[in-house]
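Since the structure of chain A is provided, determine the placement of chain B on it from the hints.
Chains A and B, in that order, are what the protein sequence lines are.
For the first sequence, counting from 1, position 396 maps to 395 in numbering that gives the first Met the number 0; every step adds exactly one.
For the second sequence, counting from 1, position 61 maps to 60 in numbering that gives the first Met the number 0; every step adds exactly one.
Simulated from the structure, these hints should not be mistaken for laboratory data.
Just to be clear, a hint being listed does not mean it is correct.
[Unchecked claim] In the SDA-like style, the derived pairs of lysine to any residue whose C-alpha atoms are separated by at most 20 Å in a straight line are:
id : chain 1 : residue 1 : chain 2 : residue 2
1  : B       : K436      : A       : D432
2  : B       : K436      : A       : P431
3  : A       : K340      : A       : R417
4  : B       : K340      : A       : M110
5  : A       : K340      : A       : Y376
6  : A       : K436      : B       : P431
7  : B       : K268      : A       : A324
8  : B       : K120      : B       : N130
9  : A       : K300      : A       : A377
10 : B       : K239      : B       : T473
11 : B       : K268      : B       : F229
12 : A       : K436      : B       : R435
13 : B       : K120      : A       : A348
14 : A       : K120      : B       : G349
15 : B       : K268      : A       : G327
16 : A       : K412      : A       : G159
17 : B       : K120      : B       : R81
18 : B       : K436      : A       : I154
19 : B       : K436      : A       : Y63
20 : B       : K120      : A       : D432
21 : A       : K268      : B       : G327
2 protein chains.
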Amino acid sequence: MPYYHAHELGGFFKPESIAVIGVSRESASIGGNSFLQRHLDAGYPGRLYPINPKASEILGLRAYPSLASLPEAPDLVMIAVRADLVPAALEECARKGVRYVHVLTSGFSEMGTPEGRELEKRIAAVAGEHNLLVMGPNCMGPYCPAGRLTAWGAIPGRDGHLGVISQSGGITQRFTEYVSSLGIGISKAASIGNAAVLDSPDFLEFMAGDEDTRLIAFYLENIRDGQRLFDLAREVSPRKPIIMLKGGESEKGAATVESHTGRMAGNRKMWKAFFAQTGVVSVSSVNEWVDACLAFSCLPKSNGNGLFIMGGGGGNSVIASDACARAGLDVPTLSSESMEKLRRFVPAAGSIAGNPLDDWELFLNPQLLLETLDIAYADARISMVIVDRLIPRIAFHGPEFPDAVEEIADFIKTHKNRKPTVFTIDYDGGDPDLTRKGALLRSRFCEEGVPAFPSFERAIGALACFQKYCNRFTGL
Amino acid sequence: MPYYHAHELGGFFKPESIAVIGVSRESASIGGNSFLQRHLDAGYPGRLYPINPKASEILGLRAYPSLASLPEAPDLVMIAVRADLVPAALEECARKGVRYVHVLTSGFSEMGTPEGRELEKRIAAVAGEHNLLVMGPNCMGPYCPAGRLTAWGAIPGRDGHLGVISQSGGITQRFTEYVSSLGIGISKAASIGNAAVLDSPDFLEFMAGDEDTRLIAFYLENIRDGQRLFDLAREVSPRKPIIMLKGGESEKGAATVESHTGRMAGNRKMWKAFFAQTGVVSVSSVNEWVDACLAFSCLPKSNGNGLFIMGGGGGNSVIASDACARAGLDVPTLSSESMEKLRRFVPAAGSIAGNPLDDWELFLNPQLLLETLDIAYADARISMVIVDRLIPRIAFHGPEFPDAVEEIADFIKTHKNRKPTVFTIDYDGGDPDLTRKGALLRSRFCEEGVPAFPSFERAIGALACFQKYCNRFTGL
Numbered sequence: 000m001p002y003y004h005a006h007e008l009g010g011f012f013k014p015e016s017i018a019v020i021g022v023s024r025e026s027a028s029i030g031g032n033s034f035l036q037r038h039l040d041a042g043y044p045g046r047l048y049p050i051n052p053k054a055s056e057i058l059g060l061r062a063y064p065s066l067a068s069l070p071e072a073p074d075l076v077m078i079a080v081r082a083d084l085v086p087a088a089l090e091e092c093a094r095k096g097v098r099y100v101h102v103l104t105s106g107f108s109e110m111g112t113p114e115g116r117e118l119e120k121r122i123a124a125v126a127g128e129h130n131l132l133v134m135g136p137n138c139m140g141p142y143c144p145a146g147r148l149t150a151w152g153a154i155p156g157r158d159g160h161l162g163v164i165s166q167s168g169g170i171t172q173r174f175t176e177y178v179s180s181l182g183i184g185i186s187k188a189a190s191i192g193n194a195a196v197l198d199s200p201d202f203l204e205f206m207a208g209d210e211d212t213r214l215i216a217f218y219l220e221n222i223r224d225g226q227r228l229f230d231l232a233r234e235v236s237p238r239k240p241i242i243m244l245k246g247g248e249s250e251k252g253a254a255t256v257e258s259h260t261g262r263m264a265g266n267r268k269m270w271k272a273f274f275a276q277t278g279v280v281s282v283s284s285v286n287e288w289v290d291a292c293l294a295f296s297c298l299p300k301s302n303g304n305g306l307f308i309m310g311g312g313g314g315n316s317v318i319a320s321d322a323c324a325r326a327g328l329d330v331p332t333l334s335s336e337s338m339e340k341l342r343r344f345v346p347a348a349g350s351i352a353g354n355p356l357d358d359w360e361l362f363l364n365p366q367l368l369l370e371t372l373d374i375a376y377a378d379a380r381i382s383m384v385i386v387d388r389l390i391p392r393i394a395f396h397g398p399e400f401p402d403a404v405e406e407i408a409d410f411i412k413t414h415k416n417r418k419p420t421v422f423t424i425d426y427d428g429g430d431p432d433l434t435r436k437g438a439l440l441r442s443r444f445c446e447e448g449v450p451a452f453p454s455f456e457r458a459i460g461a462l463a464c465f466q467k468y469c470n471r472f473t474g475l
Numbered sequence: 000m001p002y003y004h005a006h007e008l009g010g011f012f013k014p015e016s017i018a019v020i021g022v023s024r025e026s027a028s029i030g031g032n033s034f035l036q037r038h039l040d041a042g043y044p045g046r047l048y049p050i051n052p053k054a055s056e057i058l059g060l061r062a063y064p065s066l067a068s069l070p071e072a073p074d075l076v077m078i079a080v081r082a083d084l085v086p087a088a089l090e091e092c093a094r095k096g097v098r099y100v101h102v103l104t105s106g107f108s109e110m111g112t113p114e115g116r117e118l119e120k121r122i123a124a125v126a127g128e129h130n131l132l133v134m135g136p137n138c139m140g141p142y143c144p145a146g147r148l149t150a151w152g153a154i155p156g157r158d159g160h161l162g163v164i165s166q167s168g169g170i171t172q173r174f175t176e177y178v179s180s181l182g183i184g185i186s187k188a189a190s191i192g193n194a195a196v197l198d199s200p201d202f203l204e205f206m207a208g209d210e211d212t213r214l215i216a217f218y219l220e221n222i223r224d225g226q227r228l229f230d231l232a233r234e235v236s237p238r239k240p241i242i243m244l245k246g247g248e249s250e251k252g253a254a255t256v257e258s259h260t261g262r263m264a265g266n267r268k269m270w271k272a273f274f275a276q277t278g279v280v281s282v283s284s285v286n287e288w289v290d291a292c293l294a295f296s297c298l299p300k301s302n303g304n305g306l307f308i309m310g311g312g313g314g315n316s317v318i319a320s321d322a323c324a325r326a327g328l329d330v331p332t333l334s335s336e337s338m339e340k341l342r343r344f345v346p347a348a349g350s351i352a353g354n355p356l357d358d359w360e361l362f363l364n365p366q367l368l369l370e371t372l373d374i375a376y377a378d379a380r381i382s383m384v385i386v387d388r389l390i391p392r393i394a395f396h397g398p399e400f401p402d403a404v405e406e407i408a409d410f411i412k413t414h415k416n417r418k419p420t421v422f423t424i425d426y427d428g429g430d431p432d433l434t435r436k437g438a439l440l441r442s443r444f445c446e447e448g449v450p451a452f453p454s455f456e457r458a459i460g461a462l463a464c465f466q467k468y469c470n471r472f473t474g475l
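Excised from the complex, chain A in its bound form (with noise of 0.2 Å):
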């Protein structure tokens, strides 16, 4: 039984002081200093102490020697100090009444040496023994905006309703980026890394159960009690969709998986049974992981499997026709009632009505645009839309499409018949203008709340994974 209620996990989130043992005089850019220098230019509003023995200030903050000699207990303390270190460091967090400790400190059972296995367990025993709530080690810790503790992810951090879970620091201080940039606020991140005593569960647990969190993203390598995760994903997937991109689900990968984390990964055939049953939604990259984020965090509930495609070019609508048939979405027939509203304006000669809907004015004209998305949200066929944003790129012969992302945004979101609807703006390549201009609009939709990718094949796979999902919770 373990000594801890999963609400309890809440507390390293919003801790009013955190200590860190293992900050060197000299300002290093790694480790615990670089920890300190983020909590002050993040501008943590608690207290902070740097724990030293033989430094009276550090980075400008009054150091102590050691946690005994500090005025409170903290209510997180960050250990960073040499591995074989780490376990004498825990025992003077026991005796200081500390509860929360993150280890920061990698060493362990990473190593694949029996020190290093010894020396971890030696971590979840002082734990045990003092009933430590330990995060880690060998992992970035946790992350919260509105806790206003954010030494690693966006800077400032954006606070929102997606909790992640993860055993890569890497992978996590990367993703809390990048979902950030794309206005998708984060409610807590822990990096968990070996797990040692803590483990992914336990997180789930608590996300399932924290009112701020709403979607979990989840990076898994490993896990020691898979029937508990198991259990747990299948009651939380229905009220809470858990995105999961799983390390080591090849050979290779899973051999990985054992100089990172120091456990075995499992095998492919178990995780594919696993997301069958759970509706766990799989992903297999950091991009894939982002795009889902995107489209369950912004899109209502689709009904039914029929996608329209909104785009310019004949040959554009052959190949993102092919891609739906790849990722099993279906591209119907539209009624007659909406052929015939669009061959009011679609031209015929260059255009193609129908769907896919190949009509460059759409772009030309916004309020067209507008009355087209009418059309799609008017026909019972239709359950989603993607509209293939295109912007001038230099070869296109044609002016500067006007901007009206506001207008469109607020159009899709007050709709009385809204469907999931999502952009593509295609804007890769290394001219710097396009770049900047794509990259721009496209960061402007997912602030209005409207997903926007930068390819069709990333916006199709994400409204596959988002529609799946759907079909199976469907009256949940």
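Structure of chain B alone, referenced to chain A:
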């Protein structure tokens, strides 16, 4: 028997005079006027003749009432009049002694009407009767930077060794600009639309014999003489890689092809066999197409399957391994000599010496990156290298990475044991500063002849195509 030889098609690409039938007196941004304007903008050095029965001057150029009234038979005529007037315009070309004609106009078999099909047959009949070489209808026509013929695509055009054959004007325009922005120049591009007269095998045969063309990018929707394409593709593939985006592989996509270029797309099974038997490289999106062209344009031949991954971050290494396994690429254990050399500088904790190599220091110290490449080039188990070049997101704890693109590219290109080496640069998201930096870094590597991709998955996709081709045609 056709009335022309493939080598004659070269005449489309370096015309010394061009007449445009179908330019309006008001300056419109579409149709014939836009072509004329683009030729003027791009500094086309030849003679330009606008044809309009009622104007004396258009866009500052002397206008002529008819083709007959011109002082010469132009090398190339572009027809942009209404569909039903095209046959008469072709007759006019024949009377003037014109041989090369590009029909921009749409409204033929792609309309799906008997009238449209009939009109297209008329074009073929008139062309055959008068030995006219006709590109189109419903297309953007010829493009050739060396011939200063760049009314679309990158402006100014970038000359190079990539030939392009395409049935979609929109895709071709986007593609030529896209690859040019990444340092890949075009020898000749042919946007052939409905291909009523000259079909893609004609241009394939021409490019096979064209000295300036070393690699062929092909967007195909449908084909009249499949056997001829098959025979040609099988003959050309070993000496000039053909990278094909086949539109209409799905049922829905094939139906869309009919409304785009008016012909049947053929079935998926047949095309699968086509790729397997000819060695033509198959891609399924514009991004994949560009990625493969980058790899094939820049890389020396690969002599095996082993890929070495240089990156940073344990989680990254895990998902990279998984991505390689999915793409069928081998990530072998390094030789003991290589491991010994790596262990001299890779830290034991926080990094992982091996394959994948997880070592952030590589990016802080370019000398270390070059030493590591040297180790990989000396290791017989390694045939290709991918460098997952991290760039500093705000989230990462780390200083700015030094920028040594030229030094690195030079090292790779001049190394005596050079192996195919690519970079990935991850800059996706909504942060304008990251986007700018990342896109710039990417294009700088590409300009130096070192392929750089915006994600690990895309790099792997391109390498997998390239590897497969090299394996098949090794020694040829």
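- Query: Hints broken by the structure, by number, lowest first?
  - Reply: Hints 19, 20 not satisfied by this model.
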